[in-house]
Each structure stands twice: as structure tokens, then as C-alpha cells.
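**Q** Could you build the full structure based on these sequences and the hints that come with them?
Protein chains: 2
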Amino acid sequence: MRKVAESTVARLSVYLRQLAELEREGVSTVSSAALACRAGTTAAQVRKDLSFFGTFGKRGLGYSVSELSSELRTILGLGRTWRVALVGAGKIGAALYDYQDFRRQGFYIRAVFDNDPAKIGQRWNGVEVRPASELESVLRGEAIDIVIIAVPASAAQGVVDRVVSAGVRGILNFAPVRLTVPPGVELKNVNMAVEMEGLSFALARR
Amino acid sequence: MRKVAESTVARLSVYLRQLAELEREGVSTVSSAALACRAGTTAAQVRKDLSFFGTFGKRGLGYSVSELSSELRTILGLGRTWRVALVGAGKIGAALYDYQDFRRQGFYIRAVFDNDPAKIGQRWNGVEVRPASELESVLRGEAIDIVIIAVPASAAQGVVDRVVSAGVRGILNFAPVRLTVPPGVELKNVNMAVEMEGLSFALARR
DNA sequence: GGATGTGAATGTCTTCACAGCT
DNA sequence: AGCTGTGAAGACATTCACATCC
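Residue numbers (my numbering), protein chains in the order written: chain A, 609 to 814; chain B, 609 to 814.
One or more of the hints may lead you astray.
Which copy is meant is left open, because identical chains are indistinguishable; a pair holds if it fits in one copy or across any two.
[Claimed, not checked] Derived DSS-like pairs (lysine-lysine); straight-line CA-CA distance at most 25 Å:
#: 1; residue 1: K656; residue 2: K666
#: 2; residue 1: K727; residue 2: K699
#: 3; residue 1: K796; residue 2: K699
Derived from the structure by calculation, the hints contain no laboratory data. This structure is a prediction, so every number in the text was calculated from the model and none was measured.
**A** In C-alpha cells:
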């Protein structure tokens, strides 16, 4: 069960989202072909992806929407809540804080940090914006699992080093800069500039 | 020169960013090994990526930082300005509008749309927030190349259909939903939920 | 009959290793 | 000597196709 491709995991997320939609639509059973169609992939890919984790379907029938949904939630580690901190209370931080989809999947933002005195002390839905000086102590005190980096590029690596030293092992980075973390720490990057440049590349060659 | 992997293009963006940094540091020449180290990949990968587009280095020496930088900008289609529209003037839209890195690479937001009467008519840095009803006419009138979707998931596909019918061929989607576009239209997705679930997956299996 | 689960085949991407320039 | 550029090898991911089971 080791060694699963990142692309497989990303697709599982997509499947899960499609299953949630099917559930809302009242559909109770789905074939790999139907799920693939909604997820933008192929039936064989769906079956292969799932086969890494077990066997969830019934031959001749397909998959139970609710069962598969629940299995995927377990596989993706969504069977618990995750304690999240947000570093950077600027526009991007505010947008992320608001992004309710996180909460729905069990990601709870338990702490917010910023350096701007005008923001420190504000209450966001009951969560106080704290100064960066309290970073390590709050991360440990609140037992934070995952930190979201939403600070300027120049400050990001410094924040990451402190976050890692405070024992956090999952980081989602929105700063447009390549960060380094020690082995054992999981780092994901969301870089809009890379995506935009992917678009301009594709559009330019025609 | 056809058929370049998406992953290659994404890395080119990263190289370009590293080269810009090297330029600021006053470095004039860089080896594939040094660039790879900064970009988080291998020397062979750097050379192979570049080899799809030509030969830019000097054997025994490395690459001229400024030359390679300029070549990459051309390859990525950054040798011109791109006219961008933003649909959705909520928190995410506001954060994106503010994201100055876009502008620096030649992506200019020329139009903003929303449905909220409280937002329509606002001026964002001189760009007026317009009602969605004007979508097609403004996209054509302003000769928009790329549209950023920052509306709720439920509204996204409808917006995309209208945007495509108005002749736009590049879309960057921030709504957490799988969109479909006809062939010939380039679609990139930024999905934070997928990234967070990738983190929880990695953290859960230890 | 119908759809899954999976080894085998195919396709794609990355790494190796070295000839060839500077 | 040093480092690039690139075929060839290897690793990895996707697709095929079919035996298997409901």
C-alpha cells in the first residue's frame, strides 16, 4: 500500500467531490465509467486508482456512492479534524480564511498570525490575530497540524523555518517562491504565476 | 518543437523566477547544476527541459543568466502583454486583483465583473466593476485573452460557457469544481481543497 | 449481461552517461 | 578540465483487455 503517485491522490480528491455531488443528487450507485466521465478521466484510471487501496465495487453493479465516499474520506485522512494555522492576514489570508470548503472537509483554522499592528488583536470569527512573535508558542499550544503560508515571498522561508522548528509537518504555501523543508515535512505549493504562465505558453504557440 | 509536457512548462516558470533572483544578486552565469539546486530539481532535468526549445548554454561554462531569462520569457509567451478579466469580485477576486506578480509578468487585468449590486460601479484602481450582464460585450470590446474565474462553484460552469462563447481561449479557474471546455480552450485549475487533501493524505499515513 | 479488478502492454517522463564543444 | 546537449536506459503512469464475479 506504499508508494502512491501524487497524481493518484489528486484524482481521489476529485472523485470524492464528484461523489458528494452524486449524493446530493440522490444517486446511490455509480460505475467507474460514469465517475470517470464526471471527473474528467477514464474508467480504467478510476479502477486502477482505487485498486491501490482495496476493492470497493461490486462486479456487474458498480460502486455504492455513500460507501465509496466514506472509504475515500478515510484514505485521504479526512476521518478526523485537522488543526490549521494561517500565517499572513492580508488579502490572500482573508480570502483563505473565508474559504468554507476547508471547514467542510475538517480543516479548522485555529490561529491567525500577522505582523501588522493594525491587524493584531482583530477577531476573525472569534479567532484572534496574533503577532508573529507568538508563532512557535501558539503552534505548539494549539497542537497545529498544518500551516498555510500567505506572507510575501521574501518572508516565507523564515516563517517556514520557524514553523518546522515548532514541529509542524504539513505546509501549504501560497507565496510565489521555492521553499525548502527538511525530509519528513510535507510541502505543497499553490502558485498562480506558474499557472498563468502555463496559459500564456499554450496560447502563444498557435 | 511540438508536444511539451505540462510539467516541463511548469518548471520553466520556476527557472525563470530563479533567474530573476540571480539577476538581482548580480550573478551573470549559472550552470544547470546550480539552477537545478535552486529550482528543486536535477541538472539533467534542467538541460532536458531546455533542449526542447533550443540550445542556450555554452559548454564548459553554463548559461548566461540574462540571455536564458530572456529566452524563457519568449518561450513562455511573456514577450507581450496579456489582457485579463476577473469574474467574481469577492474575497478571492480581490486578493487576485491585488496580486502584483501578475502585472510584473505582463498580465493586465482590464475588466472585473460581479453580480452584487453593492460592488457594481466600484472602481478598483481605475477598473470599474461591471455587472455580469455585460460579460460578452466587454470581453469582446476589450479583446480579453484570459479570464480568471473566482465565482462560487455553482455559478462557474455557466460563466465559463459564456466566456468561451465570447471567444476567450484561456481560463484560470479558482472555483472548486470540475469545468468542461471545448477543445481549443486552455483551462487551468487552482484547487486548494485538492492540495489540502494531499497534505492530509501524506500526514495520515505515518 | 454488466462492471469490476488486475497483469501485461503501451506510452510518457526522468535519469544516466558520455560524446562533443569551449 | 568543465559543462552542455542528447540518445539510450530506466522508472513511472496510463491504457488495454480479459478473466472473474455479482
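**Q** Taking the earlier hints as the rules, which of them does this structure contradict?
**A** No numbers; nothing is violated.
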